[in-house]
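A.B. asks: Protein chains in written order, with my numbering: chain A, 244 to 493; chain B, 208 to 639.
Watch out, some of these pointers could steer you wrong.
Claimed, not checked - Reference excerpt, derived from the structure (chain A facing chain B, CB under 10 Å, subset only):
| hint | residue |
| --- | --- |
| 1 | Asn309 |
| 2 | Asp312 |
| 3 | Glu314 |
Unchecked claim - Quick list of in silico lysine-lysine cross-link-like pairs, BS3-like style, CA-CA up to 25 Å:
| hint | chain 1 | residue 1 | chain 2 | residue 2 |
| --- | --- | --- | --- | --- |
| 4 | A | Lys343 | B | Lys634 |
| 5 | A | Lys343 | B | Lys608 |
| 6 | A | Lys353 | B | Lys608 |
What the hints assert, rightly or not - Per label pair, the in silico range of CB-to-CB distance:
| hint | chain 1 | residue 1 | chain 2 | residue 2 | range |
| --- | --- | --- | --- | --- | --- |
| 7 | A | Glu369 | B | Thr498 | 29 to 35 Å |
| 8 | A | Ser294 | B | Lys567 | 49 to 55 Å |
| 9 | B | Thr563 | A | Glu387 | 28 to 34 Å |
Read the hints as simulated data drawn from the structure, not as lab findings. Being a predicted model, the structure only gives us computed values, none of them experimental. Just so you know, even glycine gets a beta-carbon here, dropped at the ideal spot from N, CA and C.
Given next are the chains, with one letter for each unit.
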Amino acid sequence: MLSIKNLHTSIDGKEILRGINLEIKEGEVHAIMGPNGSGKSTLAAVLAGRSEHEVTEGEVIYNGKNLLDLEAEDRAREGVFLAFQYPIEIPGVSNVNFLKTAINEIRAYKGLEPMKAKDFLMMLKEKQNLVELDVKLANRSVNEGFSGGEKKRNEIFQMAMLDPKLSILDETDSGLDIDALRIVANGVNKLKSKEKATIIITHYQRLLDYIIPDFVHILHKGKIVKSGAKELALELEEKGYDFIKEEVEA
Amino acid sequence: METAIKTSTIKDKLISEFETSKLFLFGDTELRDKAMESFYEQGIPNRKHEEYKYTRVDLMLKEEFNFSTNKNSKDELIEPLKFLKDAYVVIIENGIFIEGLSNLQNLPEGLTICSLVDAVTSNSPVFEKHYAQYADVKSDPFIALNTAMTKDGVFIHVAKNAIIEKPIHIIHVSTAFENTIIHPRNLIVVDENAQAKIIESYETVDSTAKIFSNALTEIVVDKHAIVDHYKIQDENELGYLMNTTQIIQQKQSVFSTHTFTLSGSLVRNNLTLVLDDEHIESHLNGLYLTTENQVVDNHTVVDHRKPNCNSNELYKGIIDGKSTATFNGKIFVRKDAQKTNAFQSNKNILLSEAGTINTKPQLEIYADDVKCSHGSTTGKLDADRIFYLRARGLSTESAKKLLMHAFASEVVNTIKIEALREYIEEKISNTF
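With the hints as extra help, turn the sequences into a complete structure.
C.D. replies: If you want it as structure tokens, here you go:
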């Protein structure tokens with residue numbers, strides 16, 4: 244589904260990603276872990292299409308298409324979803340109106356008619372239950388006045404509504420208490436399927452107790468320095484990131 | 208070298224037009240003479256006038272203008288301007304009240320609507336008491352000019368305790384085939400404990416020339432009265448609108464005004480609220496959407512004269528093209544006006560490099576126990592927000608549209624008349 248080859252990027256002339264290689268297949272969950280500044284969020288931003296990041300080398304193939312050639316909105320329409328680390332507040336735009344617009348633009352891209360109001364409302368209710376999102380929040384302006392946990396839950400709610408093929412969760416666990424973490428993880432697990440893939444970017448291992456990854460990759464200074472099964476995350480948690488630094492730099 | 212022969216200026220022309228026509232105009236000639244004298248002293252403001260430095264009316268008035276108020280348009284062109292289906296409608300074409308086109312059948316008890324000319328002819332005591340008592344000819348040359356030269360307009364009186372449920376829609380329509388200056392004038396008096404909703408819209412139809420409309424409305428809001436007031440400014444690209452609105456509020460009254468400037472070549476609003484007693488509530492909302500070479504200038508004055516009053520002002524603008532928008536909001540809190548709450552906010556989005564926004568809050572506070580604040584922001588559409596929306600599948604264009612709508616909605620949502628809110632929302636959608 245996703246094939247990242249030798250990806251190098253820079254921002255304002257500063258090199259961040261220094262040759263990422265990653266293969267993701269349908270049905271897989273990949274966790275990407277790493278210390279602050281290792282390039283985790285940059286990878287997420289580049290995949291989602293943030294234009295400040297310049298790709299200096301390498302390629303990303305997504306379902307046979309050159310992902311880097313697509314505009315951010317076309318990536319979303321092709322099924323790539325980024326759950327933001329810091330969801331943006333948009334005063335005056337209601338969650339519901341925003342999602343309706345998004346869904347219908349995605350449908351138009353695929354040559355489909357706009358969704359019927361009734362069907363949309365039914366889906367809205369169903370997905371709200373999935374992430375246990377308060378109905379009131381769904382009708383409010385996008386993320387405005389939401390608590391940190393509510394914002395993260397709203398990201399997963401949007402993910403549920405848009406039904407992406409490739410979901411990238413950028414530190415979705417940060418700032419979540421254990422109850423909220425369980426709800427979010429539960430939502431993500433229910434949305435998983437054989438046709439879909441998930442990338443979980445996280446600093447801590449805890450989320451991975453709830454969303455079990457097939458692979459764990461450790462990012463350090465813009466490169467994947469170690470990959471393994473889910474046990475790698477536990478080892479990392481136990482020994483700390485310094486062990487990676489020592490291992491790599493030794 | 209200076210040329211010896213100078214063509215007559217617009218000022219000279221206005222004065223000579225006044226001399227030849229004044230005997231045919233309604234009402235008190237003495238009042239008109241004094242007003243003209245005041246105009247003569249003040250003249251057409253130019254760039255040296257602090258209050259007009261961003262709005263060069265003198266340049267607009269450099270061309271030839273005449274003073275005809277003849278009816279030009281066909282009736283069927285006027286009909287579509289009546290966008291509120293359930294309203295009392297007043298048509299004022301080129302500054303003249305046209306009874307035949309207005310919809311004023313079955314007015315409810317307590318509501319009087321007639322032309323200024325008829326109000327004078329019938330010796331209406333309410334009219335005589337209030338006419339030209341509030342907009343001070345010495346304070347502004349266009350008030351002076353309107354007071355001297357107005358030919359007609361509408362007089363609306365809502366009697367004590369009357370509640371007028373349906374909105375009253377005053378449609379000012381400009382129609383001209385030659386450059387024209389007109390001076391429409393309205394007087395609205397809402398008596399004690401009465402309530403009314405008033406909409407003034409400014410439109411152009413069937414017009415091929417420049418029209419400089421120097422329109423003036425005085426509104427009296429008596430004690431315990433509640434008045435909801437709207438201005439929809441939507442003239443064409445040849446329209447120049449100089450729009451003065453002077454409001455006086457009495458004890459415990461509530462007045463809300465909303466100014467939507469959607470088009471027009473030049474629009475200058477001089478909006479003045481005088482809070483002349485205690486426990487008054489005032490709301491001033493404004494939205495301006497400017498593009499191309501438009502000039503839109505909102506000057507507002509909120510004059511807190513007595514204690515325990517609240518005023519709240521919110522003006523927002525979206526500026527595109529080479530247009531210029533100006534906001535100047537003055538708040539006076541007089542020495543007696545303790546326990547005043549006065550808030551003001553002006554927010555702008557600048558869409559283009561060539562657009563200009565001038566924003567100037569001016570607070571003059573002479574009382575010591577008050578809560579006042581003002582804030583002003585100007586920015587671009589937020590790039591992070593656009594990206595967030597795009598990351599969910601919205602095109603850049605629809606992301607921008609959604610954000611502009613959201614920005615405008617804070618003002619649009621203050622419209623209490625649903626049909627009007629829908630009309631404005633549609634207008635805004637067509638603009639973006």
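A.B. asks: Taking the hints in turn, state whether each one holds.
C.D. replies: Outcome of the hint check:
| no. | hint | result |
| --- | --- | --- |
| 1 | Asn309 | violated, 18 Å |
| 2 | Asp312 | violated, 15 Å |
| 3 | Glu314 | holds, 7 Å |
| 4 | A:Lys343 with B:Lys634 | holds, 22 Å |
| 5 | A:Lys343 with B:Lys608 | holds, 14 Å |
| 6 | A:Lys353 with B:Lys608 | holds, 22 Å |
| 7 | A:Glu369 with B:Thr498: 29 to 35 Å | violated, 43 Å |
| 8 | A:Ser294 with B:Lys567: 49 to 55 Å | violated, 36 Å |
| 9 | B:Thr563 with A:Glu387: 28 to 34 Å | holds, 30 Å |
Violated hints, in rising order: 1, 2, 7, 8; the structure is consistent with all others.
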